[in-house]
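Based on the provided sequences and hints, a complete structural model is requested.
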Amino acid sequence: MTPISLPRPLLLVAVLALAFFPFAASTFYVQLGAKIMILAIFALSLDLLVGHSGMISFGHAAYFGVAAYALALISPKYEAANLWLTLPAAMGASALAALIIGFFVVRTTGVYFIMVTLAFAQMLYAVFHDTKAGGGSDGIYIYVRPEMTLAGWKPLDLENPTQFYYLALIFLIGVYVFLSRILEATFGRALAGIRLNEPRMRSIGFPVFLYRLGAFVLAGALAGLAGYLAACQFGFVNPDILAWQQSGIVLMMVILGGMGRLHGAVLGAFSYVVLQEALSAPALLGAYAKHWQLALGGLIVLIVLALPHGVGGLLDGVLRRKNRAGEIA
Amino acid sequence: MIILIQLLNAVQYGLLLFLLSSGLTLIFGIMGVINLAHGSFYMIGAYLAYWFAKLTGNFWLAIPLAIAVAFAIGLLIENTIIRRLYRRDHLYQVLLTFGLILVFEELRSIFFGDEVHGVATPKILDFSVPLTDTLSYPVYRLFVTMVCLGIAALLYWTIYKTRIGMMIRAGNSNREMAASLGINVPLLFTGVFAAGMALAALAGAIAAPISSVFPGMGNQILIICFVVVVIGGIGSINGALIASIAIGFADTLGKVIAAEYSAIAVYLVMALILLWRPQGIGNQA
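If you read the protein sequences in the order shown, they are chains A and B.
No gaps in the numbering here: position 195 of the first sequence is 195 in the working numbering, and each next residue is one more.
Adding 1000 to a residue's 1-based position in the second sequence gives its number in the working numbering.
The reader is advised that the hints may include incorrect statements.
[Claimed, not checked] Chain A is faced by these chain B residues, among others (derived, beta-carbon under 10 Å): (1) L1091; (2) L1096; (3) T1097; (4) E1105; (5) L1154; (6) W1157; (7) V1229; (8) I1234; (9) E1260; (10) Y1267; (11) L1275; (12) P1278.
To be clear, the hints were calculated from the coordinates, so they are not data collected in a lab.
Even glycine gets a Cβ: it sits at the ideal position worked out from N, Cα and C.
Shown next as structure tokens:
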């Protein structure tokens, strides 16, 4: 069985490295680091569906986008919104969207599920793109980032890139720990059982529909957390953040990083952003940097053909070899 | 009279969707491959028609050329890439064909740029039929409807009346059994895939004078085709036809009643069908 999470010492090293990163890096890289961690939360939320529940959602950007729009729509125009109120509201909006859509989609399986999640996500895209509800195709600016003030106490200032980085890090660790806990609890075990043998779980008496719907809503809420943070960071939302290309990209992160492994989602987000930065830098591809998606697409095709288990599969091989070496010694 | 115009538009759009979704549903039904790049071939057909029409100055020459090139690209892609996906999980099919979309979209941007290009309606069809004193209907749209009807009839005849169609139906219902009865399955797969791509390119080429050619045109229509396949049921040609026409009407009438919400109407139809028959209207439970 593939391990869901990395061994503890390795995780500790990773967290320490992330915690000390801002001391060594320029503001640009601190911001890039925060972006990677936000995308990592997004990828983790999708891995709960794809890797652990066997539900291949091709419309996950919808829940990311709903929370981002929720923040933009409820923020006062020239004052800071309160994070303690707007974050739960935004995640709640995503969860509600996932509950309504999930009610229809979790009854389907396989390729239907892929197409239906895509179609409903596109419906939300159409809502924000075609109607005036969210500023149409122009989107909305968020001029002031939310504040964390709670009864006079202000733990982090979100306008400061380094402090925003730590907020993203705290949330990433929180989501990682939360998911690793629930995946080892009954809920996660039941989801794994449904993924592997649904009729058996049904006949044992598990309410399969409710478990799948629960996972779908939870994944939607966590994607909402990522969307909220992304809207904070960029200060801008438009319909493109919930377009289906975004759903494809986050799916790519999960698969390439290695699905069903929490660290895989994080690695996938990291690899994607680094790859994007490298391919779109004129230093490497010159005039073709503008067309970096050509190289990205070609690379995706090659990786799927050459590495049946994603980049994460390679890492598993290394970890397994190490374990075996340890057992022999 | 306005209603008549909208009905004609609905049928025309629905039949165009059928050209695309029939290939999509057959490729899935027979080979078990979910091909996101299907929409890219719609785009390829449209851009090639635009380019060949400019090159040769003759739209009627541009259409067969565009179809031939798309067919050749289909053969190439099936032989080098899609073939390796037949036994893989849907997940990898989605990811790989997503990669193909990025490749096709960027190649389009490199070769043709990111502008919207109009394609001139061929002279011989560039007039309208007067319906009343003030209203008229463009003949080219009627021509598109006729072509789509012709292709649909040809498709029916091929699938239900010919030996090749028999093999396709056999492959659709049971791949292994068809293979063990001596049908050359790899060749059949290659043929069906390339034919599906040619159909998508034809749809793009004949739609070009109506919709013009623009970036992302393939992706937009791909998602609508998914809705058609979900409603019609995977692998079902009959279902695809009914669903295409239904979506044509939902979209066109939606635009008349509430333009801002017309895109949403299409998805609401899908949601209702899912509750009623999750396996699609063309398939048995």
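Evaluated hints:
1. L1091: Since chain A brings a Cβ to about 5 Å from L1091/B, closer than 10 Å, the hint holds.
2. L1096: 4 Å, holds
3. T1097: Cβ of T1097/B sits 9 Å from chain A, so the hint holds.
4. E1105: It holds, given that the least Cβ distance between E1105/B and chain A is near 7 Å, below 10 Å.
5. L1154: 27 Å, violated
6. W1157: It is violated, given that the least Cβ distance between W1157/B and chain A is near 28 Å, above 10 Å.
7. V1229: 7 Å, holds
8. I1234: 7 Å, holds
9. E1260: 5 Å, holds
10. Y1267: 4 Å, holds
11. L1275: 7 Å, holds
12. P1278: 6 Å, holds
Violated hints, listed in ascending order, are 5 and 6; each of the other numbered hints is respected by the structure.
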